[in-house]
Amino acid sequence: MALEANLVAEFDQLAKNYPEKRAIMMLALHRLQDVRGWLSPEALEDLAAYLGMEPVEVFGVASFYPMYRLRPCGQHVVSICHNISCDLRGAQDIVAAVCEATGAPLHGTSPDGKFTVTTVECAGACANAPMFDLDGVYHEDLTPEKAKQIVRSVK
Amino acid sequence: MSQTERYLLTRANIEGAHQLAVAEKHGAYEALRKVLKEGIPYSTVIDEVKKSGLRGRGGAGFSTGMKWTFMPDPAKDPRPRYLAVNADESEPGTCKDRVIMQRDPHGFVEGVLLAAYAIRAQAAYIYVRGEYRLPHDRVKAAIEEARAKNLVGKNILGSDFSCEVYMHRGGGAYICGEETGLMESLEGKRGHPRPKPPFPAMFGLWGQPTTVNNVETVFNVPFIMNRGSAWFASLGTANSKGNFLCGISGHVNKPGVYEFSFGITAKEILEQHAGGMWKGRGLKAWFPGGSSCSLLKGADIDVVLDHDSLRTRGSSLGTAAMIMIDDHTSMARVMEIISRFYDHESCGQCSQCREGTQWLSQIFRRIAHGKGKADDVATLEALAKGMAPGKTICALSDAAAIPTLSAVRLFKDELIECVTRQADPLAVPQPHYAVAGGHH
Ligand SMILES: Cc1cc2nc3c(=O)[nH]c(=O)nc-3n(C[C@H](O)[C@H](O)[C@H](O)COP(=O)(O)O)c2cc1C
Ligand code: SF4
Ligand code: FES
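Read top to bottom, the protein sequences are chains A and B. Those letters in the first sequence? Residues 1 to 155, per the working numbering, in order. Those letters in the second sequence? Residues 1 to 440, per the working numbering, in order.
Some hints could be false.
Said to hold, decoys possible - Here are the simulated distance ranges between beta carbons:
hint	chain 1	residue 1	chain 2	residue 2	range
1	B	Gln422	A	His107	26 to 32 Å
2	B	Asp137	A	Pro19	23 to 29 Å
3	A	Asp34	B	Gly153	25 to 31 Å
4	A	Val35	B	Asn226	39 to 45 Å
5	B	Gly153	A	Val137	29 to 35 Å
6	A	Ala9	B	Lys371	53 to 59 Å
7	A	Ala9	B	Asp137	19 to 25 Å
8	A	Leu70	B	Arg311	49 to 55 Å
9	B	Trp231	A	Gly60	46 to 52 Å
10	B	Gln422	A	Val35	48 to 54 Å
Stated by the list, open to error - Cut-off 20 Å, straight-line C-alpha distance, at most; resulting in silico cross-link-like pairs (EDC-like, lysine to aspartate or glutamate):
hint	chain 1	residue 1	chain 2	residue 2
11	B	Lys189	A	Asp141
12	B	Lys140	A	Glu10
13	B	Lys189	A	Glu54
14	B	Lys373	B	Asp413
15	B	Lys189	A	Glu20
16	B	Lys254	A	Glu45
17	A	Lys16	B	Glu164
18	A	Lys21	B	Glu187
19	A	Lys16	B	Glu144
20	B	Lys254	B	Asp327
21	A	Lys21	B	Glu164
22	A	Lys16	B	Glu187
23	B	Lys373	B	Glu414
24	B	Lys254	A	Glu4
25	B	Lys279	A	Glu45
26	B	Lys279	A	Asp141
27	B	Lys371	B	Glu417
28	B	Lys140	A	Glu45
29	B	Lys34	B	Asp47
30	B	Lys140	A	Asp12
31	A	Lys146	A	Asp93
32	B	Lys371	B	Glu381
33	B	Lys412	B	Glu381
34	A	Lys148	A	Glu100
35	B	Lys189	A	Glu45
36	B	Lys50	B	Asp73
37	B	Lys189	A	Glu57
38	A	Lys16	A	Glu4
Read the hints as simulated data drawn from the structure, not as lab findings. Think of the CB as a built atom: it goes at the ideal place given N, C-alpha and C, for glycine as much as any other residue.
Isolated chain A (complex conformation) (with noise of 0.2 Å):
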């Protein structure tokens, strides 16, 4: 597969904005994580053909950065910090909470393939801790409750 002809437009516009075609990655690997769901070795082979680079240089790349993601994932991804603000205000008790609603285990998926559930470093919404990030929105200001309410919630 090659890469999907709306990103190639995309990404063609976007080198404009760069003296290097290179720059283009970081914003390219999450626009292709956007639409494939996650970065297979293909979608990685696919960025690299266009980039004119090793398969092996952008999988280098895209592995430094957590929000990459390298393997399958289920359909919507949790993301809950639990770093120090948040644990100090339930991080723990939300991450059982999500656990729990959604049927995933901690940095696993649920068996119906829905949620992935996975925890993250401070997300830079302290002040309103404890946090998840659910498919790019954050809730803030969680409650066990209000955390199950949410994932429950989702269509």
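Position chain B with the ligands against the provided structure of chain A, taking the given hints into account.
Quick look at chain B with the ligands alone, frame taken from chain A:
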């Protein structure tokens, strides 16, 4: 109360201020218009900012005007030059730049443009941490709105100043907040900090002259250009000028991001603004400026918040992110989390940092879990001393060592008690949940 005047969040608190029409009604782009219409030379902008006493809000507190003078003279060095705006905001406890980008993106873009004007950059790249989608989208929309009104792009407002502003996204790595890690990442590489020298002003993005500034730093510039350096310098204390955004988190009744002038005491912030400690508890310890600075004890809450006062107490202002810890909390647990963070975020280039952060994390973890070994507390101290200061390519190693040394200094007895008892007396039972792969 010592509070005199607020300006940073005035527009941000107005409904709809992220839209250009509303923002302009409340003063956005006035400073840019003034500078360009009156033809104020870039050197005057630098001088004003230097005189204002503005210091970087990204953690290191370096003079902003001074940093700008490090950029080579464009007459002698005609290479392309760049502004990189640091919106990576990942220091634990820090959550202020997000407020600016989300609620006053036009004020921010104006600050970016004025900073770019001062250093004669033809392009500014805003590196936003990848998780900040809404702040990213707001700033991106603001740039587009501004471009449509000739506030961004070629010959801004008919002047000879042209500047493009681009949004870039990170991938969740703290080390990309370090300025040279940021540049590597922006170039499409792993975020491995570069040895310095060469410094970014001579060899930055793509090897060209580059200045890296924090979001809140550039956000202050329009206010300085509108109201003058004398006004700005009238706020704050001798060596810490202006107002700052203070994120206060942890065990307080009203955590939040507040605006204060330097010179306010931490006690006033805690008691008059953050509603005091929760559950009527006492303050055991706190970080005054994010997790990379030294812990202070509760008794230090009378300290004035500014660069000099915190230094005299053995800590530092950092990002002015106060993390408050109550007297029911285990410091072994606190340090288990903090040290895990640095271990997770070390880029691995330097052995002191790669190995040191891993050891600190393992040792704090076993102390907190009642499995500490006899020499562990002494080992922590020896390890941390081997990691800093200035022994590595970047300051992440220091950032891990500094809180460790303060914890060992201030809470040695508590840590040793965890080891001798083979249990943490202050540990609270943690909830159970399954972990993929089977281990917790
Ligand atoms: C490990 C590490 C992480 C950093 N993270 C950030 C950050 O997230 N945001 C930031 O503005 N500065 C961060 N800094 C500081 C930057 O290197 C740099 O000093 C700052 O962006 C300069 O901007 P200023 O002079 O406007 O403060 C970090 C430094 C280190 C060593
Ligand atoms: S000090 Fe740590 S984070 Fe910084 S370059 Fe060295 S290994 Fe990487
Ligand atoms: S510690 Fe959780 S958002 Fe900062």
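Evaluated hints:
1. A hinted range of 26 to 32 Å holds for the C-beta pair Gln422/B and His107/A, which are about 29 Å apart.
2. Distance hint check: the CB atoms of Asp137/B and Pro19/A are about 25 Å apart, consistent with the given range 23 to 29 Å.
3. At roughly 27 Å, the beta carbons of Asp34/A and Gly153/B sit within the given window of 25 to 31 Å.
4. Checked against the hint of 39 to 45 Å, the C-beta distance between Val35/A and Asn226/B comes to roughly 44 Å, which is consistent with it.
5. The hint said 29 to 35 Å for the Cβ distance between Gly153/B and Val137/A, and at roughly 31 Å that hint holds.
6. The hint said 53 to 59 Å for the Cβ distance between Ala9/A and Lys371/B, and at roughly 56 Å that hint holds.
7. Distance hint check: the CB atoms of Ala9/A and Asp137/B are about 21 Å apart, consistent with the given range 19 to 25 Å.
8. Take Leu70/A and Arg311/B: their Cβ atoms lie about 43 Å apart, and the range 49 to 55 Å is violated.
9. Restraint check, Trp231/B to Gly60/A: a C-beta distance of roughly 50 Å satisfies the suggested window 46 to 52 Å.
10. A beta carbon spacing of about 52 Å between Gln422/B and Val35/A agrees with the range 48 to 54 Å that was offered as a hint.
11. In summary, the hint linking Lys189/B to Asp141/A is not supported, as the alpha carbons are separated by about 35 Å, beyond the 20 Å threshold.
12. Restraint check for Lys140/B and Glu10/A: the C-alpha separation of about 16 Å stays at or below 20 Å, so the hint holds.
13. Our distance criterion of 20 Å between C-alpha atoms is met by Lys189/B and Glu54/A, whose separation comes to about 13 Å.
14. About 15 Å separates the Cα atoms of Lys373/B and Asp413/B, which keeps this hinted pair within 20 Å; it holds.
15. Simply put, Lys189/B and Glu20/A have alpha-carbon atoms about 12 Å apart, close enough for the 20 Å limit, and the pair holds.
16. Taken as a hint, the Lys254/B and Glu45/A pair is broken in the structure, with Cα atoms around 49 Å apart against an allowance of 20 Å.
17. A C-alpha spacing of about 11 Å is found between Lys16/A and Glu164/B, which places the hinted pair at or below 20 Å, so the restraint holds.
18. Taking the CA atoms of Lys21/A and Glu187/B, the gap is about 9 Å. The hint holds against a cut of 20 Å.
19. Proximity of Lys16/A to Glu144/B is assessed by CA-CA distance (about 16 Å); at most 20 Å being required, the pair is judged to hold.
20. For the hint linking Lys254/B to Asp327/B, the alpha-carbon distance of about 18 Å falls within 20 Å, and the restraint holds.
21. A hinted pair counts as satisfied when its Cα atoms are at most 20 Å apart, and Lys21/A with Glu164/B qualifies at roughly 17 Å.
22. Straight-line distance between C-alpha atoms of Lys16/A and Glu187/B comes to about 14 Å, which keeps the hinted pair within the 20 Å bound.
23. A C-alpha spacing of about 14 Å is found between Lys373/B and Glu414/B, which places the hinted pair at or below 20 Å, so the restraint holds.
24. A threshold of 20 Å between alpha carbons decides the hint, and for Lys254/B with Glu4/A the separation of about 48 Å lies outside it, so the pair is violated.
25. Between Lys279/B and Glu45/A the CA atoms are separated by roughly 55 Å; this puts the pair beyond 20 Å, and the hint is violated.
26. Distance restraint check for Lys279/B and Asp141/A: the Cα-Cα separation of roughly 17 Å lies within the 20 Å cut-off, and the hinted pair is therefore satisfied.
27. A distance of roughly 12 Å separates the Cα atoms of Lys371/B and Glu417/B; the hinted pair therefore holds under the 20 Å criterion.
28. A distance of roughly 29 Å separates the Cα atoms of Lys140/B and Glu45/A; the hinted pair therefore is violated under the 20 Å criterion.
29. The suggested pairing of Lys34/B with Asp47/B holds, with an alpha-carbon distance near 16 Å, which does not exceed 20 Å.
30. With a C-alpha separation of about 19 Å, the suggested pairing of Lys140/B with Asp12/A holds against the 20 Å cut-off.
31. For the proposed pair Lys146/A and Asp93/A, the alpha carbon gap of about 11 Å is at most 20 Å, so the pair holds.
32. Note on Lys371/B and Glu381/B: the hinted pairing holds, with a Cα-Cα distance of about 18 Å set against a maximum of 20 Å.
33. For the suggested pair Lys412/B and Glu381/B, the alpha carbons sit about 10 Å apart, so the restraint of at most 20 Å is met.
34. A hinted pair counts as satisfied when its Cα atoms are at most 20 Å apart, and Lys148/A with Glu100/A qualifies at roughly 8 Å.
35. In summary, the hint linking Lys189/B to Glu45/A is supported, as the alpha carbons are separated by about 16 Å, within the 20 Å threshold.
36. For the hint linking Lys50/B to Asp73/B, the alpha-carbon distance of about 17 Å falls within 20 Å, and the restraint holds.
37. For the hint pairing Lys189/B with Glu57/A, the CA-to-CA distance comes to about 9 Å; that is within 20 Å, so the pair holds.
38. With a CA separation close to 19 Å, the supplied pair Lys16/A and Glu4/A stays within the 20 Å bound.
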